[in-house]
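A.B. asks: Build out the structure end to end from the sequences listed, making use of the hints.
Order-wise, the sequence lines are chains Z and H. The first sequence begins at 1 in my numbering and counts up by one. The second sequence begins at 1001 in my numbering and counts up by one.
Bear in mind the hints are in silico, worked out from the structure with no lab data behind them. Be a bit skeptical, because a hint or two may be false.
[Unchecked claim] Covered by chain H, per the in silico footprint, the following chain Z stretches (three or more residues, Cβ under 8 Å): (1) 17-30; (2) 44-58; (3) 62-71.
Note that beta-carbon positions come from the ideal geometry of N, C-alpha and C, so glycine has one too.
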Amino acid sequence: MARSRKPSAQTAAVLQAMAADPAGWRYGYDLGRETGLAAGSLYPILIRLGDRGQLEARWEPSSQPGRPARHLYRLTPAGVALAATTSPATAPARAVARVRPWPQPGVSS
Amino acid sequence: MSGQRPADAGSTGPRGGDLPRRLLAAATAWTPAGRADWSRAMLAELDQVTGRRARWRFALSAARVALVPPRSGRLTAIAAAAGAAAAALIIHLLLPQAGPVAAIAVPGLPALSAWFVFSRPGLDRQVSIAGRAAQAIAVACLAACPAAVMREIMLYPAAQAGPGTAPYLGPVWTVIFAAELAVYLLAVLWRPGLLGAGRHSGLPALAALLLVGWFSVLHHPHGGLVLAMAAGALLAAGTLAALPALIRGSGIRPGLRSGAAEVMWGVLLTGPALLDAMLLVSTRSVIAAEAAVPYTITEAHQQGATSVLAWVASDDLGGAVVLFTMFSITIALIFAIVHVFCDVYSKPPGPLPAAVRRPDCDDAT
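C.D. replies: Next comes the structure, spelled out in structure tokens:
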């Protein structure tokens, strides 16, 4: 059952990131880097969006042997509609303050 | 809604890996079935994260999601909270001297367990009738534990003599007791399928019956403590002797997982049943018989208790909680020893007929 409650600032950030290219499939890692959300915040958001039918996912077989398949995500039309109701400008400042950039691939911290 | 899974989607990648990967892989093993795809997705993404600190941060953060994924159990939470609140009110009205800690912790912690289990998307709902029956018995025995404690405190004869003379559970023991009940309930509700399709369920029930009989005999009014213990030892020996034969005869393939399940259910069914029996018998027999001389009971543990039950009925029910814990550990050890015995000495049976194979236990061994 879809909720009418306003998405949280973190959810809005994820929606905005994905709505920038609604047709494109995104990796969780890339979404985390773009939004600055930790995995513990990002994945619950993706799971909830998926439960509500606002996100679809598919598996991408790995091109490298021994590596597991990766999950890809994109918004459904319902998710795109939800994203249209949110705006980064309305996100509370504390959500922005929590943003901590993820490390770039190949760069050790 | 995780999309079509490719053939290698179930793979967790190369075995082993660094500590963050091992940690996350261990956590994903506990993810409910309904969220397993998300755990695999997080594990696959960890392979893209570089840098020691970043990998630890990702693994720890994702492990939390893997262990406690989001749930849609809003109604479950409301029902659990309402049940706990109602139970707290009943405890407060019937037993005001129990205090706020008991009123909150005793129903609250088990309600938390129930909410945790029932709000999991991957809850095992395909359970045999025998499994459901054993689960119902275990839940009933658990629910009876706090009820029996309350009854003992309410009916304690010395309680009429004035405040401070009734048996009590201090706040610390109350929280420990509530936490034990919560852990038991979590185990009972978690994987009832592990109990099996009727081949296991008779064993813990038999052990529970005999051990309860043992402790009932311990307070037989016409027998001394030595006689009671001798009878109890015979019953326990009979139980232990019967278990290996029953296990062999039942066709159970010895294995760590089925053994662990058997141990778990032995404890779940026997421990709470023992505490219930002790409290009910001590309330009825000891207190009723010695109601005229309440200090005999109150001082029982100091003067040298004539039986375990007299000690339980003495002025600190924390003793009963100690026994409850000791029973659980002892029973777990007994069942573990029996299963080790079966593993070592029993002949390896052939493959079980398809009709009685249970993928969750048999294939894992």
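A.B. asks: Starting from the hint list further up, note which numbers the structure goes against and sort them upward.
C.D. replies: none
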